[in-house]
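Colleague: Sequence:
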Amino acid sequence: MPLSPRDREIHELSQKIFADDSDLAHRESRIAKLRDAVQRTEEQIATLKADEAAKHAAIVDAAEDGQSPAKLKAELATIREAIVEAEATLDTLGVRLAAAEVEHSRLSVHERGL
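Note that the sequence shown ends on residue 704 in my numbering; no numbers are left out.
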């Protein structure tokens with residue numbers, strides 16, 4: 591069964607990611623850093639989505655009050671762009687983390703002689 595593009599990318603990265611890194615502690619440290627980056631990015635996305643909801647509510651309030659929401663709409667567009675960028679970053683980090691975990695597991699099994 592052929593690999594999906596994402597799975598193929600994970601496989602290729604997993605082959606490269608620890609090419610010169612046979613130290614268990616270093617691999618585990620790298621994985622921990624990737625997990626931390628994933629968590630921070632997820633938190634950033636949650637914050638941006640909360641900002642997006644608040645900005646949308648402010649636009650509705652401004653329209654109901656007869657005010658021009660043009661500035662608020664521009665700010666909302668900026669927030670939405672930041673969300674798209676953060677989600678792309680999260681996807682990339684997810685692929686890298688998966689690749690690192692796959693290769694770490696493979697090397698750990700190999701190191702134990704299994």
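By construction, these hints were calculated from the structure, which means they are not laboratory data. One or more hints might be untrue.
What the hints assert, rightly or not - Label-pair distances were calculated between CB atoms; the ranges are:
1. GLU671 / LYS623: 23 to 31 Å
2. GLY656 / ARG596: 46 to 54 Å
3. THR682 / ALA653: 19 to 27 Å
4. ALA664 / ALA615: 42 to 50 Å
5. ALA672 / ALA622: 21 to 29 Å
6. ARG670 / LYS623: 23 to 31 Å
7. THR637 / SER698: 44 to 52 Å
8. ALA647 / LEU614: 47 to 55 Å
9. ALA653 / SER698: 54 to 62 Å
10. ARG598 / ARG670: 28 to 36 Å
Note that CB positions come from ideal geometry on N, CA and C, so glycine has one too.
Colleague: Now, for every hint given, state plainly whether the structure supports it.
Modeller: How the hints compare with the structure:
| no. | hint | verdict |
| --- | --- | --- |
| 1 | GLU671 / LYS623: 23 to 31 Å | holds, 27 Å |
| 2 | GLY656 / ARG596: 46 to 54 Å | holds, 48 Å |
| 3 | THR682 / ALA653: 19 to 27 Å | violated, 37 Å |
| 4 | ALA664 / ALA615: 42 to 50 Å | holds, 48 Å |
| 5 | ALA672 / ALA622: 21 to 29 Å | holds, 26 Å |
| 6 | ARG670 / LYS623: 23 to 31 Å | holds, 29 Å |
| 7 | THR637 / SER698: 44 to 52 Å | violated, 36 Å |
| 8 | ALA647 / LEU614: 47 to 55 Å | holds, 50 Å |
| 9 | ALA653 / SER698: 54 to 62 Å | holds, 58 Å |
| 10 | ARG598 / ARG670: 28 to 36 Å | holds, 30 Å |
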